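Quick note: the sequence shown uses my numbering, first residue 28, plus one each step.
Since the hints were made in silico from the structure, they are not lab data.
These figures come from a predicted structure and were not determined experimentally.
Cβ atoms here follow ideal geometry from the backbone N, Cα and C, with glycine treated the same way.
Where hints are given, some of them may not hold.
[Said to hold, decoys possible] Once the Cα atoms are required to be at most 20 Å apart in a straight line, the calculated SDA-like pairs of lysine to any residue come out as:
#, residue 1, residue 2
1, Lys136, Cys180
2, Lys136, Gly175
3, Lys136, Ala215
[Unchecked claim] Computed Cβ-Cβ distance ranges for the label pairs, DEER-style:
#, residue 1, residue 2, range
4, Pro177, Asp47, 29 to 39 Å
5, Ala211, Arg66, 39 to 49 Å
6, Glu62, Gly140, 41 to 51 Å
7, Arg37, Tyr159, 35 to 45 Å
8, Pro144, Ala61, 34 to 44 Å
9, Val219, Thr163, 52 to 62 Å
10, Asp160, Ala211, 47 to 57 Å
11, His216, Ala156, 19 to 29 Å
12, Leu189, Thr44, 32 to 42 Å
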Amino acid sequence: AHVVASPDARGALPGETAADVAGRALDDVRRLFAERADRIAALIVEPLVQCAAGMAMHDPSYVRGLRALCDEFGVHLIADEIAVGCGRTGTFFACEQAGVWPDFLCLSKGISGGYLPLSLVLTRDDVFAAFYDDDTTRGFLHSHSYTGNPLACRAAVATLDLFARDDVLAANARKSAAMRAALAPLGAHPQV
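Turn these sequences into a full structure, and let the hints steer you where they fit.
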């Protein structure tokens, strides 16, 4: 495993933007790939918010840059959207805000509305097709504890139906705009 520089926007130097911090972190990924890409199968990222790292937020340009570097060096991009997917960042998938699609996308928790444990792995058609076979030795064995439960799958379908019926993402955008406007005056407070 390799660890690269954090794109955490809180690491901005005076006068830097979140995109500048992302650019510095991408330089570190480029150096790693240039040295070892032939020994790296995939890069895993929590898009936009690295929750396990203390809610470290980064600019969408970081995810775009990762996609470009992974394409350039032949490394798969895995988006861990377990905590940030299912509308939590404003779009259904956090990667959408960067305008990219990963090679693998992991979802859990929110996909069933939080009612039942369910997780899933989404991948591109060409990756899926490479493993699609009746021979289990070629199978895409991505088993995990929360897969294939019919009741949890039904909860996921109901969750997706509610997202569509109630236009949840648009409603959340309106609430977010109202919250941003209400909190804007606090931006000038010295403790913020």
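Results for each hint:
1. Lys136 <-> Cys180: Distance ~12 Å between lysine 136 and cysteine 180 Cα, so the pair holds.
2. Lys136 <-> Gly175: holds, 14 Å
3. Lys136 <-> Ala215: violated, 36 Å
4. Pro177 <-> Asp47: 29 to 39 Å: violated, 48 Å
5. Ala211 <-> Arg66: 39 to 49 Å: holds, 48 Å
6. Glu62 <-> Gly140: 41 to 51 Å: Roughly 44 Å apart at Cβ, these two residues keep to the hinted range, so it holds.
7. Arg37 <-> Tyr159: 35 to 45 Å: Given about 43 Å between the Cβ atoms, the range holds.
8. Pro144 <-> Ala61: 34 to 44 Å: The hint (34 to 44 Å, Cβ to Cβ) holds, given that proline 144 and alanine 61 are roughly 40 Å apart.
9. Val219 <-> Thr163: 52 to 62 Å: About 56 Å separates the Cβ atoms of valine 219 and threonine 163, which means 52 to 62 Å holds.
10. Asp160 <-> Ala211: 47 to 57 Å: holds, 56 Å
11. His216 <-> Ala156: 19 to 29 Å: Since histidine 216 and alanine 156 have Cβ atoms about 55 Å apart, the given range 19 to 29 Å is violated.
12. Leu189 <-> Thr44: 32 to 42 Å: holds, 37 Å
Checked against the numbered hints above, the structure breaks hints 3, 4, 11 and satisfies the rest.
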